[in-house]
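Protein chains: 2
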Amino acid sequence: MLTEKLGQRIKSLRTEKGLSQEKFALFIDMDRTYYASVERGKRNISINNIEKIANGLNISLEELFKGL
Amino acid sequence: MLTEKLGQRIKSLRTEKGLSQEKFALFIDMDRTYYASVERGKRNISINNIEKIANGLNISLEELFKGL
Numbered sequence: 050m051l052t053e054k055l056g057q058r059i060k061s062l063r064t065e066k067g068l069s070q071e072k073f074a075l076f077i078d079m080d081r082t083y084y085a086s087v088e089r090g091k092r093n094i095s096i097n098n099i100e101k102i103a104n105g106l107n108i109s110l111e112e113l114f115k116g117l
Numbered sequence: 050m051l052t053e054k055l056g057q058r059i060k061s062l063r064t065e066k067g068l069s070q071e072k073f074a075l076f077i078d079m080d081r082t083y084y085a086s087v088e089r090g091k092r093n094i095s096i097n098n099i100e101k102i103a104n105g106l107n108i109s110l111e112e113l114f115k116g117l
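Chains as they are written, first to last, in our numbering: chain A, 50 to 117; chain B, 50 to 117.
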């Protein structure tokens, strides 16, 4: 499922940066519990929240969706 | 704003295909009024609806977000 693939991709990019879920969620000003559920693919996340995450990872949306 | 840029991109790709809003919305099984508001950038659209649109346009999400 797309939300799961996206969550895995986000998790992988976050861990590459050496950040915990907690620190990253704090950094992008997103509720930690909500963010954790996004990484688990449990949320039908909106474009504005996807953008927030992409900005936090310092990548474009195109890059975020690469290969998904 | 991202929702506006995405809406313009979707509209441009749809018109390239020579489809009306009405026909395209029907094709992807999305409410026509909702779809129209997405093209106008008025919706914080979810990933599942973005996927529906990308599938209807027969392009990847990576392609849809190219340059946005």
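Keep in mind that the hints were calculated from the coordinates and are not lab data.
Mixed in with the good hints there might be a few duds.
Put simply, identical chains are the same to the list, so a pair is met inside one copy or across any two.
To be verified - BS3-like cross-link-like pairs, simulated, lysine-lysine; straight-line CA separation at most 27 Å:
1. Lys-72 <-> Lys-101
2. Lys-91 <-> Lys-101
3. Lys-91 <-> Lys-72
4. Lys-115 <-> Lys-54
5. Lys-91 <-> Lys-115
6. Lys-91 <-> Lys-60
7. Lys-101 <-> Lys-66
8. Lys-115 <-> Lys-66
Values in this document were obtained by computation on a predicted structure and should not be read as measured data.
Now for the hints, and whether the structure bears them out:
In this assembly of identical chains, the alpha carbons of Lys-72 and Lys-101 lie at most 27 Å apart only when taken from the same copy (14 Å versus 33 Å across copies). Taking the shortest Cα distances, Lys-91 and Lys-101 sit within 27 Å of each other both inside one copy (17 Å) and across copies (18 Å). Only within a single protomer do Lys-91 and Lys-72 lie at most 27 Å apart by alpha-carbon distance; the minimum there is 20 Å, versus 31 Å between protomers. Taking the closest pair of Cα atoms, Lys-115 and Lys-54 come within 27 Å of each other both inside a single copy (11 Å) and across two copies (19 Å).
Taking the closest pair of Cα atoms, Lys-91 and Lys-115 come within 27 Å of each other both inside a single copy (20 Å) and across two copies (26 Å). Only within a single protomer do Lys-91 and Lys-60 lie at most 27 Å apart by alpha-carbon distance; the minimum there is 13 Å, versus 29 Å between protomers. Taking identical chains as interchangeable, the C-alpha atoms of Lys-101 and Lys-66 lie at most 27 Å apart only when both belong to the same chain, with a minimum of 16 Å there against 31 Å between chains. In this assembly of identical chains, Lys-115 and Lys-66 lie within 27 Å of each other by CA distance both inside one copy and across copies; the values are 18 Å within and 24 Å between.
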